[in-house]
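All chains, full assembly: derive it from the sequences and hints.
With the UniProt record's numbering, the residue at position 344 of the sequence shown is 344, and numbering never jumps.
Below are the DMTMM-like pairs computed for lysine to aspartate or glutamate, each with C-alpha atoms no more than 25 angstroms apart in a straight line:
no., residue 1, residue 2
1, Lys965, Asp1013
2, Lys838, Glu792
3, Lys643, Glu841
Across the chosen pairs, the derived CB separations fall in these ranges:
no., residue 1, residue 2, range
4, Ser644, Met760, 15 to 23 angstroms
5, Phe510, Lys683, 44 to 52 angstroms
6, Asn630, Thr996, 48 to 56 angstroms
7, Leu852, Trp990, 20 to 28 angstroms
No lab work stands behind these hints, which were simulated from the structure alone.
Even glycine gets a Cβ: it sits at the ideal position worked out from N, Cα and C.
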Amino acid sequence: MDSAFISTTSISANINNVPMLNETNFKDWKENMMILLGCMDIDLALRMPKPDELNEESTQEDERGIPEAFRGAVTDEVTNASDFLAEIQKRFAKNDKAKTSTLLASLISMKYKGKGNVREYIMEMSHLASKLKALKLELSDDLLVHLVLISLPAQFNQFKGCLSYRKPSDAEKCIYVVDGTGLLNVYDNLYLLETVPSYNETLHVESRGTKRKLNKDNSASLWHKRLGHISKSRVEQLVSDGILDSLDFSDFDICVECIKGKQTKTKKLGANRATDVLELIHTDICGPYPTASWNGQQYFITFIDDYSRYGYLFLIHEKSQSLDVFKTFKAEVELQLNKRIKSVKSDCGGEYYGRYDGSGEQRPGPFAKYLEECGIVPQYTMPGSPSMNGVAERRNRTLKDMVRSMISHSTLLEKLWGEALKTAAYILNRVPTKAAAKTPYELCTGRKPSLKHFHIWGCPAEARPYKPHEKKLDSKTVSSYFIGYAERSRGFKFYDLAIRSIFETGTATFFEDVEFGGRNQARNIVFEEEEGSTIAFDNVQVSLPIIDQEVNLDPQPTDNIVQPLIANEDIAPEEQTQQPQENMPLRRSTRERRNAISDDYIVYLQECEVESGMMEDDPINFQQVMKSSNSHKWIEAMNEEYKSMQDNKVWELVPLPVSTKPIGCKWIFKTKRDSNGNVERYKARLVAKGFTQKEGIDFNETFSPVSTKDSFRIIMALVAHYDIELHQMDVKTAFLNGDIDETIYMVQPENFVSEDSKNMVCKLTKSIYGLKQASRQWYFKFHQIIVSYGFEANLMDECVYHKFSGSKYIFLVLYVDDILLATNDISILHDTKRFLSKHFEMKDLGDASFVLGIQIHRDSSRGILGLSQRTYIDKVCTRPDIAYIVGMLGRYLSNPGMDHWRAAKRVMRYLQRTKEYMFTYRRLDQLEFIGYSDSDFAGCQDSRRSTSGYIYLLAGGAISWRSAKQTLVTSSTMEAEFVACYEASNQGIWLRNFVTGLRVLDGIERPLKIFCDNKSAVLYSNNNRSSTKSKYIDIKFLVVKEKVQSGQISIKHIGTNSMIADPLTKGLPPKVFHEHTAHMGVVSFEDIQI
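Below, the structure is given as structure tokens:
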């Protein structure tokens, strides 16, 4: 074999000695490779051009070209070794300029922090200077020494004065004052200069060891600093114009202060486009935005393919979801396109690269590690340089511009921006782009896109949704608005404004030629990343810090209707004709100036009064009635009440017996309003002053017939699940129906005393409002009559009645004088109404919509029932999401402090912001009770007692809950959780017995499930074994073990993340808190999705 021939094995063995090529060592790699090829005498192809044609000595190996294994991403057009090396140099040399900028910025910003050896610190700076020199940016020794000196802290000032690197030049002379002789002598490498001033120089000498410069008037460097560090060309222009004398530019070196103050970002180099799909993916995250999307997302993330510019968009709640979304995106595109993602370009944010640790260093995070595991090459931008990720940044800007335009053109809610965003991304993938000759859709799929199905976003439409229970006479279409294209099917997405829901269908008629309502007034859409809340009034924007609730501080009610404040309101034509405006003074606002953010409590009260429509206080006595603007309506109400008293024969006029004192009476006036705050009627009630009654003489016992709230919510859950009828009735003057056993005398009502009976009093024959025994007598009367009709009282709640007739049943809930009727048969409902109207004076209110201050929302098509306390919040509110904080504040009622007051204000702000939240119950496949029990440990700092909490769900909503401090101090978390299980089991048994009496819930005989997140408590509840810690538990709590053994309850373990009762025992992060409250069924009715 020829000695000049080098085997492939020999080449591979020598190449292994060359370091692996990466983005930072191309120059070293090239140098080592050239030396290696030269030593092996095989660098001819790199030193000489390719011959024109093959000669006789050419071998077959010469014709094979570059192997595919070495080619990588280099195009097939490169066919020889020299061009191949040039192509590699072109790819890796483009990072030199960015690397130079980074190294220079690092060198200038270095500061010695007093840790480590000074020599090592100086060597590190020298090492950075060497790297810059390798990148063709050589720093002079003077500049390097200057950088070292200015980076040292103040404690090195004396040391700085003793340093000298070279003999000073004429233009820059450094003085080190020693003994005052001033002779220039070399002493320990220090130059002692003569201190006598020379021509045109001024010498400043202070103390020994202090370094100073000689100021030279003709120095260009001096004038450069005097003139605020202007450029050298400007100084030269001043000299050429004769403004400055001739200057010496020999000392005009690199100015470090100019680099610090004027350093700009390097210009973007020419980008190399990818040659195939998935070769490079651009990604970025936008958000958060002030208005959450339809499903609560505040961010969106985009993935753009560099070759085709096809974009993928995902809505996310938090930036931490970026990795999960990328995994979904990667799996989909790689499977569909049968290719692999090679590189991902993003910024160096924490969600992509990683977070900073305690030492201030950024560590690779989950996203970066996942890319490394998959073999995907990450490309990160420099900090503060978003232009380096220009493809994603420009795409996000285009998407936001389109969304603003689409929402402004429509009349839809701003919270639908997520649907508009997905529609904009869908459109951009099917329209031409400057970066490619074809549309992104065509480059990805090979087919031209069809635009025939495109419609105006937000236009009205008549859509036909799928209705499995559609009746023959029902309308086939629904009036809705077009909001996008279906993602996984061939259809459209529509928004139904009536029920506030989104649905998909492929059959619809679009009205794109209809002018949208409200187009005369332009909408100002705030769709920018949130840095602070922005309140926009047309063309005026006022930026405020983020607060819990935006509040209208200046309501202007007119005729019981709150008119919105409108800026730049158009003036009617007839109002524009005014007198000539001569000598008219400048009109200034006379409105009282107020703070931008007033007191939270005052804001809360103002909003409550405005929303409830309180324009005038109710009168408190007859004199105020006569002075009221609605006096005639109040007098009519008084006459109606007095007539009702006469018809029911409530009293008879008799002389007052001797030694008897009558009780007084009073008129009570109340304006009755509906759920929207509109006036329904004016009501006057005559009440006795029962507070003057004495127990044992005027009454024996008192009882108010009211059903419990838990019973009420259970009935509502059954109504939602079984979709039964729900009606409401009201008993007029209910208490007047009760017979009275005691002898009671009352004075005659004011303004209804005749001259003939002036000295007489009323002897009561029936109970009247205000008497201690009135409610008790009314209940006895009602119970006696309703039982005679076949109703039975529930043993657990005697104000809840039920009646069965075969498969028909009806429930009756009594709350003083309000009656709810729930039934599965309309005939038995009418029979019951007729029976009640026969014995009492009733008012049939039809379908129940507003009961006990609670508004009832029903959607029978989706099987949903909601209980809204919007109007009830103004007075009192019972919701599980505030049970814990209310219990905590209740412990300090006797002596509250400022911290408690602030916490109370936060609760009021939260309620004001969540007025639209309601209890929701829905139709489920399986209806069953589910309980959750939880406890903290020694949460009370004063008594070291724990807080127990439980909640029970039925039909997807909460029906019963409690948050209370335990009555004893527990010694372990197991004991605290076991005590909480005891309290939860007691309530669970009561709920189970109540539902058993209703006889409508199948499978109630099965053990009641109670979930607990403490394994020790669950284990202790389900066996008879005791431990050292458990033997001190009070004996009354051991009834839990007995109930488990008897099969009444079943305590099971559940993970802490799934413990819904957590908000009842402790404070939680906002995200977790809202997730748990949503599982309780406390959500906005419009956000419910089926």
